[in-house]
Amino acid sequence: MPQQSPGWKAPWAEPASGRAGRWVVGKQDMDSQEQSSAAVARDLSCPVPPECVHLRSGTPLGRRRKDWSCSLVVASLVGAFGSSFLYGYNLSAVNAPTPYIKTFYNESWERRHGHRIDLDTLTLLWSVTVSIFAIGGLVGTFLVKLIVKVLGRKFTLLVNNGFAISATLLMACSLHAGAFEMLILGRFIMGVDGGIALSVLPMYLSEISPKEIRGSLGQVTAIFICIGVFTGQLLGLPELLGKESTWPYLFGVIAIPVLVQLVSLPFLPESPRYLIFEKHDQAGAEKAFQTFLGKEDVSQEVEEVLAESSEQRSSRLVSVLELLRSPSVRWQVITVVITMACYQLCGLNAIWFYTNSIFGKAGIPPEKIPYITLSTGGIETLAAIFSGLVIERMGRRPLLIGGFGLMTLFFGILTVTLMLQDHAPWIPYLSVVCILAIIAAFCSGPGGIPFILTGEFFQQSQRPAAYTVAGTINWLSNFAVGLLFPFIQKSLDAYCFLVFATVCLAGALYLYFFLPETKNKTHAEISQAFAKRNKAYPPEKQIDSAVTDDKTNGRPEPDSSSTLENYVKKRIV
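So the sequence shown is numbered by the working numbering: it starts at -19 and just counts up by one.
Source of the hints: derived by calculation from the structure; they are not laboratory data.
No incorrect hints appear here.
Keeping only pairs whose Cα atoms sit at most 20 Å apart, straight-line, the calculated SDA-like set for lysine to any residue is:
{"#": "1", "residue 1": "K82", "residue 2": "G94"}
{"#": "2", "residue 1": "K348", "residue 2": "P79"}
{"#": "3", "residue 1": "K82", "residue 2": "K223"}
{"#": "4", "residue 1": "K348", "residue 2": "L217"}
{"#": "5", "residue 1": "K275", "residue 2": "A263"}
{"#": "6", "residue 1": "K499", "residue 2": "E372"}
Here are the computed distance ranges between Cβ atoms for each label pair:
{"#": "7", "residue 1": "H95", "residue 2": "E224", "range": "17 to 25 Å"}
{"#": "8", "residue 1": "A460", "residue 2": "E283", "range": "41 to 49 Å"}
{"#": "9", "residue 1": "E283", "residue 2": "G142", "range": "35 to 43 Å"}
{"#": "10", "residue 1": "R96", "residue 2": "R373", "range": "53 to 61 Å"}
{"#": "11", "residue 1": "F493", "residue 2": "K470", "range": "32 to 40 Å"}
{"#": "12", "residue 1": "V300", "residue 2": "F493", "range": "25 to 33 Å"}
Note that CB positions come from ideal geometry on N, CA and C, so glycine has one too.
Using the sequences and the hints given, assemble the complete structure.
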């Protein structure tokens, strides 16, 4: 084996000054231009032993554990507790007191008109009460782009609490005032709060988290939705607030997460990406990065955002119409629309809104239904936590495709058990097992990853418009399920869940063929994964193609040293 010269050093043995984790080949007397060239050459071709891969990526051993700084954890917990928790809570809190709320509607109507309300009108009022939450969510989604541009991510979440407080007062005082319109209006305003929260919170978490834990941090949104659903079911038990005299307090509980967020979130920084892109506040962004990442040297993170900012300096916030017309993100938009539609139309909201009636159809005794319902919230929470723990190991694709695939299977089994429930006493309980399995499959992937993908697919200037599109599909689908499911169930009976099985199967097949893996990838890498399908390349690839064309046509190449130096400075490798 030939011996190396005394001046030779291993590619991983000498750190380049001023760049943590960058390693170069060469003698110490290399000038800066040669160092830049060597660094790029190393990045492109030099082999690195497996035990030193963490050096090449700039990530020391054990870094992944250190990515979870105290401020990052607090920001995610406080943000989600006052936002996505309330969305989940309002999905389930209205379920347990249904008979008492209908009695309240009857009494109010009789006081005003001198006779009891007819059954069709009562059904219509109740359907409006349930589904108007989604209409409010749609309105909130349309407000997002305007508000986040002016207020930023953090202050939008804080201002959004005004909607929650107003809704709490209306719903909690409706019984005392004898006005059921207050309850319906409160549900609408609470929907506005949810529409803003479910767009701004994932955006905020995506922008403050390192890409190594972006998926896990993004799953906090889904985890708190599930915790909210479980809390609503728990407090709705007859032993707690699910009684005729105390059901308004179920809605008064909303004030607690609101107050926690109002007193905690102001002490946390704004999104550093927003500070650089919108406010051009580099000093503030550095402090925000230092707080969220828990380290002093954040030059690498700031450089990456500044490089992206310089590329988009001439661009402004993209409108929804411009986003829909842009060929470079066509398949990203299609994928977000289909994923969000499947998220709502897969049947989970039908189970959340009408759990009691589903279990009644399954043959469960009425006195046991509240406790069986409580188990669904527990399963949701455990499955969402499991997803958050494994998403950075397994990736987005397996969890999404596997989740929709398992839901298809268990919806089919549930249909069979509902058809045969009178043939044996144990079959109704098998129906309950199928429902729990469907919920677990949903929350392990499809329940939270669509929000993560929306943040990962689009660049900074496109993100508000992208969340507007995703939110619109989300809330329109939510409204459709809440309004139409009782009629679907009445018309198709046990076969109604085959409709949801079809939606899940279609979603799984689409994602299998069209969704690239986004785990630990930058926006540029994700854009390049979609580039061939879009037939429109991101800027970096267009530059590479232009250089190739120049070589083919015999045009002179630009000075290699300056090109390499710019290559390193912009960190495109």
